[in-house]
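Starting from the known structure of chain C, arrange chain D on it as the hints suggest.
In the order they appear, the protein sequences are chains C and D. Per the working numbering, the first sequence starts with residue 1, numbered consecutively. Per the working numbering, the second sequence starts with residue 1, numbered consecutively.
Because the hints were derived from the structure by calculation, they are not lab data. C-beta: ideal position from N, C-alpha, C; glycine also.
Partial pick of chain D residues on the chain C-facing surface, computed with a CB cut under 7 Å:
hint : residue
1    : M1
2    : S134
3    : I147
4    : I247
5    : T248
6    : F254
7    : L259
Chain residues, written in single-letter form:
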Amino acid sequence: MQGNGTKIVFIAVFLGISIFYLWPTAAFYLEQNYIEDLPQAERAQYMEENRGKMQELRQNSLSLGLDLQGGMHVTMEVGTPKLVRELAGEYADTTLVNVIQTAEERSLENGTDFIDELVQVFEQRDPDARLSRYFRSDTENITRRSTNEEIQAYLKKQRDSAVDRAMEVIRTRVDRYGVNEPSILKQGNSRIVVELPGVAQKERVRSLLKGTARLEFRLAADADELNASKEQIIGYFDRQAAASDTADTVQQQSGANALTQVLNPRGRSQYVFGYAASTDTARVNELISRPEVQRMMPRNTELMWGAAPFQELPEQGVELYELIGVRSQIEMTGDVIEEATVNFDQATNQPRVSMNMNSEGARRWSRITGANIGKPIAIVLDGYVYSYPNVETKISSGRSSITGLENVQEAEDLVNILLSGALPAPLEIIEERTVGATLGEDSIQAGFYSTVFGLFVVAIFMIVYYRSGGAIADLALMLNILFILGILAAFKATLTLPGIAGIVLTIGMAVDANVLIFDRIREEQRAGKTLRAAIDGGYSNAMSAIVDANVTTFFVGIILYSFGVGPIKGFAVTLMAGIVASLFSAIVITRVVVDYLTRDKSADLNFG
Amino acid sequence: MRWFETPSFDFIKGHKIAYFISGALLVAALIGIVGKGLQYGIDFRGGKEFVLQFDQPVEVTQIRSSLSDPLGSAPEVKKFGSDLEILIRTDNPGEISTVQNIITSTMNEVYPENENIVIKTDVVGPRFAEDLKSGALNAIIFALIVIFIYILIRFKNWTFSLGAVVALFHDVLIVLGVFTIFNDIAPFSMQIDQAIIAAFLTIVGYSLNDTVVVFDRIRENMIQYKTMDFTEMINKSLNDTLSRTVITSVTTLFVVTVLFIFGGEVLKGFSFALVLGVLIGTYSSLFVASAIVVELQLRKEQAS
Numbered sequence: 001m002q003g004n005g006t007k008i009v010f011i012a013v014f015l016g017i018s019i020f021y022l023w024p025t026a027a028f029y030l031e032q033n034y035i036e037d038l039p040q041a042e043r044a045q046y047m048e049e050n051r052g053k054m055q056e057l058r059q060n061s062l063s064l065g066l067d068l069q070g071g072m073h074v075t076m077e078v079g080t081p082k083l084v085r086e087l088a089g090e091y092a093d094t095t096l097v098n099v100i101q102t103a104e105e106r107s108l109e110n111g112t113d114f115i116d117e118l119v120q121v122f123e124q125r126d127p128d129a130r131l132s133r134y135f136r137s138d139t140e141n142i143t144r145r146s147t148n149e150e151i152q153a154y155l156k157k158q159r160d161s162a163v164d165r166a167m168e169v170i171r172t173r174v175d176r177y178g179v180n181e182p183s184i185l186k187q188g189n190s191r192i193v194v195e196l197p198g199v200a201q202k203e204r205v206r207s208l209l210k211g212t213a214r215l216e217f218r219l220a221a222d223a224d225e226l227n228a229s230k231e232q233i234i235g236y237f238d239r240q241a242a243a244s245d246t247a248d249t250v251q252q253q254s255g256a257n258a259l260t261q262v263l264n265p266r267g268r269s270q271y272v273f274g275y276a277a278s279t280d281t282a283r284v285n286e287l288i289s290r291p292e293v294q295r296m297m298p299r300n301t302e303l304m305w306g307a308a309p310f311q312e313l314p315e316q317g318v319e320l321y322e323l324i325g326v327r328s329q330i331e332m333t334g335d336v337i338e339e340a341t342v343n344f345d346q347a348t349n350q351p352r353v354s355m356n357m358n359s360e361g362a363r364r365w366s367r368i369t370g371a372n373i374g375k376p377i378a379i380v381l382d383g384y385v386y387s388y389p390n391v392e393t394k395i396s397s398g399r400s401s402i403t404g405l406e407n408v409q410e411a412e413d414l415v416n417i418l419l420s421g422a423l424p425a426p427l428e429i430i431e432e433r434t435v436g437a438t439l440g441e442d443s444i445q446a447g448f449y450s451t452v453f454g455l456f457v458v459a460i461f462m463i464v465y466y467r468s469g470g471a472i473a474d475l476a477l478m479l480n481i482l483f484i485l486g487i488l489a490a491f492k493a494t495l496t497l498p499g500i501a502g503i504v505l506t507i508g509m510a511v512d513a514n515v516l517i518f519d520r521i522r523e524e525q526r527a528g529k530t531l532r533a534a535i536d537g538g539y540s541n542a543m544s545a546i547v548d549a550n551v552t553t554f555f556v557g558i559i560l561y562s563f564g565v566g567p568i569k570g571f572a573v574t575l576m577a578g579i580v581a582s583l584f585s586a587i588v589i590t591r592v593v594v595d596y597l598t599r600d601k602s603a604d605l606n607f608g
Numbered sequence: 001m002r003w004f005e006t007p008s009f010d011f012i013k014g015h016k017i018a019y020f021i022s023g024a025l026l027v028a029a030l031i032g033i034v035g036k037g038l039q040y041g042i043d044f045r046g047g048k049e050f051v052l053q054f055d056q057p058v059e060v061t062q063i064r065s066s067l068s069d070p071l072g073s074a075p076e077v078k079k080f081g082s083d084l085e086i087l088i089r090t091d092n093p094g095e096i097s098t099v100q101n102i103i104t105s106t107m108n109e110v111y112p113e114n115e116n117i118v119i120k121t122d123v124v125g126p127r128f129a130e131d132l133k134s135g136a137l138n139a140i141i142f143a144l145i146v147i148f149i150y151i152l153i154r155f156k157n158w159t160f161s162l163g164a165v166v167a168l169f170h171d172v173l174i175v176l177g178v179f180t181i182f183n184d185i186a187p188f189s190m191q192i193d194q195a196i197i198a199a200f201l202t203i204v205g206y207s208l209n210d211t212v213v214v215f216d217r218i219r220e221n222m223i224q225y226k227t228m229d230f231t232e233m234i235n236k237s238l239n240d241t242l243s244r245t246v247i248t249s250v251t252t253l254f255v256v257t258v259l260f261i262f263g264g265e266v267l268k269g270f271s272f273a274l275v276l277g278v279l280i281g282t283y284s285s286l287f288v289a290s291a292i293v294v295e296l297q298l299r300k301e302q303a304s
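Isolated chain C (complex conformation) (with noise of 0.2 Å):
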């Protein structure tokens, strides 16, 4: 009985910082629940008067995983490989292409970083060669003489920076979206995790997401050049389709020329090479990207879909895309926009984004715009043509707008980008998982049903089993989970699904600690030992097994909070939180209940 007192005010501390952190959690469900039973119109009232006391309230609550209450969780990377080829800008040589492809190529084989091996090919193919001849900048002190060390620590930088402001333009996205508690992380050299709560429109927060919002005006390709290459391009296709009456793909009817079966070769004007069904286009795509056809294309010219089907035909469910001659030249970007607003174009009634550019941009557009009065100008966002209005004046206001948007969402979309900045550099999603709210709550309950059932029966079985000892084991597992839960809470952990499972797992090895002790009992007591010196000797030889066995599960623990990710981790944090709070109440609270049951001599307690 000796010391117990200090075990008793453990325990005492214990469970009040556990209550105290799942207090709010608490509290936040049961006004959640008021709210809900209230009437109609004074709910609005209510949730207007306690805004901040809820919203603290949901704050400091045991947040749930987005597999258990819904949303979106993407993982993207930042294009290293083209971030570097940018960096290089015009020094960059077909040797430079070469190498950062290979070192593409090597580090996605040996799961190394990118840079690393960029240095290590360069060197590898000419070990004097000097990296410095690609790379400039005053800034850093980047000049002709600079060390291939320096250049590759130079480009770590300018890719960190590259991800550090990919987040922020991120973070404005998002936030200009409007999502609750979003989360956005740096993982690794080159990654960022976007976890989105809630959010329902996958595909608009994607293109959210990734929209580079390269904004490029450019002029249209010359119409008589275009039209000479068409031609060529066409009897090409041919020549190819009389030369082999065997297809030389499936799709291909034999003896048709490939070409024509999928694009129409006429247009509304003479900059449109042809127009293709929405389904044909990355067939087209294949067809002109053949070097022999590319050779063909007239100087300085490339050709670019328009961003929205200029006929539809709903009947046979086909949207028809036209393919836009442009100037490869680039005259102007969008970096010089400096404001963007959505209104609606008189005429027709569509939505429209209105830009308007700095002073620099607008005398530039002013030159654009007075040397190609006539002509068309094509404004391009990340690569698709919205429109190729006609200049009719000179503009001199700096001011342009883009107009074939499909609808004002869009619009306000393509505003929050312009505005928010571009990105450094092209992002990729490697990894997107999105989990629907009922899934989520599906979830929720089987997690909650796992648990109860879990519970349940392991309780009945240990006062079966053990009888007295068995109630006592059961009251420390009780507490255990409110343990656990703190735990959780008070380390702002996120409970997922794999969670919940490491709270049920727990539940079953958690009375393994007891089952050691009351088994050493039982058998202390066969020796012949009275009951409290079968007590005593119990609870002493059976811990270093109790010791042993967890501290190993407790590794396992760590190391899967560490490699795994997502979930997992939930999982493993869960398992780890398990075997701390069990070990204690399975140990301390136990014995303080059991000396307290045979405070008495003759007081007797039943083991089974």
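Leaving out everything else, chain D in the frame of chain C:
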């Protein structure tokens, strides 16, 4: 109630049979794994997975055949719990939104009167999948090394370490074999993904727990009965701890079974791995781990 109060089973004699059973299971598992290859899930292989919920029951085979053409290759289609929820997995390399549109629009064509919504999507790029795979592999290797070292330090005898680690390999390999062989015919996903790796490591932790308790008793008995024959002492230790081994296995089996039945479709594979793991882990700590310690110890003594 008391089970196995003073048991006196001859576990060491049972070792011969245990070797036979374990050997057969291991060979079957290895044949399955080598023959079929590990059945990686989306986490380790990459790809796109969509779970669609319909208003009315649908046919798996019809969905598979109707999607084959639009997606370019036959997708994997499985029920996700009920007849209303269907999991579709494809390797189509297109954009996420595009692929999702192909699936939903095709479904709308095939089942015009039957509304569908996408309730879950998982998209993992090939590079990310590679990273997850090497992470999982590292976790397992690291876990085994840590366990080996911990037991070496605590029991100061490498035969114990080796016995424990071999038993763990034994457990994980058999569960892995079951998952590989029965993946195609199981009514739920038995592919190797992150959750299964977590389950494996939990099995490792659990099975080790059992083994360590037995070892702990062996260590205690070694001090108490110095003159007892080693084999006999191991047998006594196994019998001493038998009651505890069985009770803990029973309670753990209870909860993982509850999890398997009530834990929902997302956790089906995970909890099934745990059910198998608890059964095999209990068996191996009784019949495999200590058997190996006996063998190694006898050899060690003969050698010295």
